[in-house]
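Residue numbers (our numbering), protein chains in the order written: chain A, 228 to 607; chain B, 3 to 346; chain C, 5 to 153.
Heads up, some of the hints might be wrong.
Derived pair list, reagent style DSS-like, types lysine-lysine, alpha-carbon separation capped at 27 Å [as the list claims (entries may be wrong)]:
no.	chain 1	residue 1	chain 2	residue 2
1	A	537	B	235
2	A	398	B	21
3	B	338	A	398
4	B	252	B	268
5	B	235	B	268
6	B	193	A	505
7	A	273	B	104
8	A	537	B	156
9	A	505	B	164
10	B	125	A	506
Simulated from the structure, these hints should not be mistaken for laboratory data.
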Amino acid sequence: MILPIGPVHPNLKEPLRLKLKTQGERVLSAEIDYGYVHRGIERVMKGKTWQKGIYLSERVCGICSYIHTQTFAETFEKIAGERAPLRAQFLRVLTNELDRIQSHLLANSTYFKCIEHETLFMYMLYLREPVMDAIELLTGNRVNMGWNVVGGVKMDVNQSHLDSIQEIITKLESEFDRYVEMFDHGPMVGLRSHDVGKLTQEEAIKARAVGPIGRASGLKHDLREKHHTYQDNFDFKVIWRKDQDNYARNMNRFDEITESMKLIKQVILNLPEGDVRKKINIPAGYGEWRNEAPRGEVTYSIETNGNLIKNISIRTPSIMNIDACAKYMLKDVATVADAISTYASVDPCIACTERVVIVDESGKSGEYVYPEYKLEYKSE
Amino acid sequence: MSSVIWYLYEFARKSWAEKFTAAKTDSEIMEVPSRFRDFPEVRKEYCIACGACTAACPAPMAIKLVRTSDSAHEDGITYPVINNRGCIRCGFCAEVCPTDPKTLLCGENHLIREEFTILPVDKMFVIDDYLCIRCKKCLKACSEVAGAISEVDKKMVIDQSKCIGCGECIKNCPVKGAVKGIYINNVEEQKEIINMVVDTLEARIEADQDKIKKLAPEEVYKIDYPIDDLVKKAREIIPNDELIRDSIEKITDRLKMRILTWDDEKCTNCRLCTSECPSGAITYDKEKGVQRNPDKCLKCSICYQTCPFGVAGLYVARFLLSDTSLKDGVIQITLKPSQLPIRS
Amino acid sequence: MLDGLKDIIRKSSIHVCLVSTGGCNGCDIEVVALLSPRYDLEQYGIYVTNNPREADVVLVTGAVTEQWRDKLERIFAKVPDPKIVVAIGNCPLSGDVFNQEGGSVYAPVSDYIPVDAEVSGCPPRPTEILAAILSAGPDAIAAKGRQKV
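Okay, chain A solo, but in the shape it has when bound (with noise of 0.2 Å):
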């Protein structure tokens, strides 16, 4: 029989059908149709001016909103052989560790609403407005900051807002450990979370799974390793974990989330004097440049004329990640509860998705991936 779950569901934020073929309480595999939340924001961008370019690049996706921007000016930046300045490389790597810890928090709130553990997603919602609280301090807004420019950061930071931060930092690592507690030892969580949702190394590789979905499978790969301002000034870990279920995939996240207030403690201590904005002359040309988001990499690859952008595609990592879910995780699962949370598990979100939609001849529609394009991993 065939399940259909959404687009309109209480476990689902966005929509998304989800059919699980299913025997019984048994879930025997799964499909997925998209297509509910096709804007065309690339085709909107195409032809404006990249000034506001870096606006409209923000509601690709609103949970992980700052990494777009960020990554849309990077790649302006490579463009033109620049790099922002140093204050402002580091004063994005703040900003950027709290948006990956609120999403997070939020992925993982997200999971535990799906077994029904409403106690820890409560707490995951409390551990997250502090956050919130930080990054709308910076930064002026909560989800769309308005942030990045081309050549740096709009606003600068005074001590007081560094004080308060670290405040935060501060209170939320001392509560953090117990939640983690309760996760890692709750009797409850356990029988919920192992051996659910396997996904293992090769098929992990197979799908493309990146992110910490694809980190808690055993694949060591970061794109933070490569960046130029993590690699110059940083010293950080690359998370990973080898038990391949959804347990593993949530308690990846909360490590990242420790890492993350390691790396923010660090740019709080060591920020340099400086300007936070050059003015960046923009040549003709094309240009790429790959980050790591909250769920994985993202790319941008822009052509411009120097004031247009000319041409523009972004490749987000949900794609690839809900892909391995419905392909492999939802593989013979023992229940249709247990599918819901695995589902949930790989931190799942559909409007960074949906951004180029192909009709063929017969009318059917479906998502464009990249066929060509391959991930160099590390494994071991």
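Starting from the known structure of chain A, arrange chains B and C on it as the hints suggest.
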């Protein structure tokens, strides 16, 4: 059972019990931080109606410039109005606003320095150095508004980062075409319009080929082509009258079209032209004789210069737009034989 | 008497269904943030069910995309009377940045279903959403319910 005990242990904390009994929503949730960017605040009295905010706004229906009606004593003022249903609170309008003090205020606004004020306009102004006579009238006009034009190496140059796109320079320039306003958006549509106009005009001239062939060397042939047709077609491509008028005006100003006629009756099949033709448009066939394929023709005029019998005729067409209002304008086409010498 | 009782019940217990009709999902996560202990939506008697069949209030976030044009009306038909629709964010109100050349959205939402209250902002702060729901929600439901009876 173990889980129940575990959760009892988890909740049986003093701090938890205290929080549970004293739970209430903080009043601080209604407070906004000092940097919070709310909807922009408009201060009408400073507005210079440059339109930078409307051009810069990434949302399509957030800002509108409105003008109050004139009273008996003074002119009406123009000022931006923010539509809260469209505004995305990015603060870009406040960043680009060139007035001092700012007309638009949005949040604790950023780091505003002159070098960062970017004014995205849909029309870019460029000075053609070849046509410029350096009268400096544009410099004078601009210095009163934006101060974007300056003299560099005895050439007049427009600084694009300061230009607000008001068009004063074009109005004051005495030479037609020395200052150009280029629409930087809709490039593809503009190309389409240009191709369409050129194709239509060419087809119109070709239709009169028989009359053109009979022209005497010094004679001039004139056609009046009404503009309505072109405008109707162009509106299908992009419904922007200003852009259409601008493109048609520019096309008729600059276009010089070569028209090649072919007179089969004069041909003696000497085949001098077939080997000279660079694109292979002229071919020889035993049964049909020398044939010319007009689709392949580059109008390079080599056949005209080669043919000793005057089979090929070369004419030059020029265009003039009589009325720029788009309504009852007529494109006057003037055609005269080319002055190119015939190789002998 | 009966009406008064119905009014009280309708005011004190509101079930909300969140329908995201295609946006950047910034507004959706702000609604989720409303559930957090900080804002605590449930203390006002509002419960997010996400099930249109038992909802009193439909929160629409998002410009209407191609797929939603017919489905939105179908969902609205399934909501029991009295139906209240609150449009959250700029997308349902004007189409936001997507409603320009190249975008494939069919905003505003009011073309398809009647909208009772609106919150503007991209996205609005949770407190703004809360204030809008509380100022419009309970009384509107009571008033609308009385009309039908």
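Hints, verified against the model:
no. : hint             : in the structure
1   : A:537 with B:235 : holds, 26 Å
2   : A:398 with B:21  : holds, 17 Å
3   : B:338 with A:398 : violated, 87 Å
4   : B:252 with B:268 : violated, 39 Å
5   : B:235 with B:268 : violated, 39 Å
6   : B:193 with A:505 : violated, 36 Å
7   : A:273 with B:104 : violated, 30 Å
8   : A:537 with B:156 : violated, 34 Å
9   : A:505 with B:164 : holds, 17 Å
10  : B:125 with A:506 : holds, 22 Å
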